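Participant: Residue strings, one per chain:
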Amino acid sequence: MDGINLSQALRHRMDYLITRQGVVSGNVANASTPNYLARDVDFDSLLSKKMAPMKQTDAQHMPGKAQSALGGVTVDKVNIRHDGNSVKLDEEMLKLQEIQMNYRLMTQLKAKHASMQRMAVSSNNR
Amino acid sequence: MDLMKSVSVSASGMAAQSTRMQMIAENIANANSIETPEGGPYRRKVILFKAALDQSSGLHEVKVQRISKDYSKPLKQVYDPTHELADANGFVAHPNVSTFLENIDMREASRAYEANMSAIESAKEMMVRSLDLLR
Chain A
0 MDGINLSQAL RHRMDYLITR QGVVSGNVAN ASTPNYLARD VDFDSLLSKK
50 MAPMKQTDAQ HMPGKAQSAL GGVTVDKVNI RHDGNSVKLD EEMLKLQEIQ
100 MNYRLMTQLK AKHASMQRMA VSSNNR
Chain B
0 MDLMKSVSVS ASGMAAQSTR MQMIAENIAN ANSIETPEGG PYRRKVILFK
50 AALDQSSGLH EVKVQRISKD YSKPLKQVYD PTHELADANG FVAHPNVSTF
100 LENIDMREAS RAYEANMSAI ESAKEMMVRS LDLLR
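So the protein lines, in turn, are chains A and B.
Read in order, the letters of the first sequence are residues 0 to 125 in numbering that gives the first Met the number 0.
Read in order, the letters of the second sequence are residues 0 to 134 in numbering that gives the first Met the number 0.
Simulated from the structure, these hints should not be mistaken for laboratory data.
None of the values given here were measured: they were computed from a predicted structure.
Treat the hints with care, since some could be wrong.
[Claimed, not checked] The calculated label-pair distances, taken between Cβ atoms and stated as ranges, are: (1) B/Asn102 x A/Asp82: 50 to 56 Å; (2) B/Arg110 x A/Met100: 55 to 61 Å; (3) B/Val127 x A/Ala119: 26 to 32 Å; (4) B/Val63 x A/Ala119: 55 to 61 Å; (5) B/Asn31 x A/Asp75: 38 to 44 Å; (6) B/Asp1 x A/Asp39: 26 to 32 Å; (7) B/Ser32 x A/Val74: 40 to 46 Å; (8) A/Val74 x B/Glu120: 25 to 31 Å; (9) B/Arg134 x A/Gly71: 22 to 28 Å.
Ideal Cβ positions, reconstructed from N, Cα and C, are used throughout, including at glycine.
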């Protein structure tokens with residue numbers, strides 16, 4: 000049972016990293032757009048949204064989406080430059096590296112997990 | 000939400016920055032054009048970017064809203080009474096282009112272009128990693 004939870008957890012984390020990669024790419028693209036505020040997503044809020052989808056209280060309501068594309072988006076309103084933009088390219092580059100490293104870790108864990116499962120299955124035949 | 004979306008966001012950033020680069024090249028090339036088809040000296044062009052929300056992914060792409068002429072900076076008045084375009088006081092109006100300023104802008108555009116490029120690289124790396132899981 001633990002194994003199933005692990006792969007689910009990995010999937011959530013990878014989903015989050017992909018979402019964050021997109022958000023950071025958006026920041027980089029808008030590095031010189033006036034009045035654009037830098038955005039970020041945090042893992043906790045995105046995860047809690049996925050865990051608890053909105054409840055349907057009436058049959059005629061539209062069903063709440065269990066997975067919102069962008070969960071807890073935080074907006075940087077502190078470091079605003081004179082053109083109203085708060086993107087710092089160096090920070091975004093750092094974030095990209097961090098995301099990439101984390102994603103690499105997740106894929107390696109997933110591969111290792113799969114190979115362990117394979118080992119468990121194949122040792123039956125020996 | 001997938002990585003191709005974030006690649007297209009970065010691509011929109013690169014397109015915007017290269018439009019900006021073209022405009023800067025135009026400004027520098029015309030730094031000394033004292034006559035234009037519309038009459039008067041060349042005026043420096045400025046670009047305005049706009050963040051455009053992509054509804055399907057919730058990400059912000061960048062678009063060029065408009066390229067306009069810069070009327071906030073006055074034209075340079077150069078005293079040259081013998082010039083055929085000189086006014087009654089002997090001044091000739093020169094474009095309000097400062098090559099120094101354009102150079103700085105150009106640097107910024109090329110850095111931003113590079114940054115978008117590395118965002119694409121990182122998305123690509125993540126895609127390759129995901130594909131490697133199939134091996």
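Participant: All hints, please: hold or fail.
Facilitator: Do the hints match the structure? See the list:
no. : hint                            : verdict
1   : B/Asn102 x A/Asp82: 50 to 56 Å  : violated, 19 Å
2   : B/Arg110 x A/Met100: 55 to 61 Å : violated, 23 Å
3   : B/Val127 x A/Ala119: 26 to 32 Å : holds, 28 Å
4   : B/Val63 x A/Ala119: 55 to 61 Å  : holds, 56 Å
5   : B/Asn31 x A/Asp75: 38 to 44 Å   : holds, 42 Å
6   : B/Asp1 x A/Asp39: 26 to 32 Å    : violated, 19 Å
7   : B/Ser32 x A/Val74: 40 to 46 Å   : holds, 43 Å
8   : A/Val74 x B/Glu120: 25 to 31 Å  : holds, 26 Å
9   : B/Arg134 x A/Gly71: 22 to 28 Å  : violated, 34 Å
Checked against the numbered hints above, the structure breaks hints 1, 2, 6, 9 and satisfies the rest.
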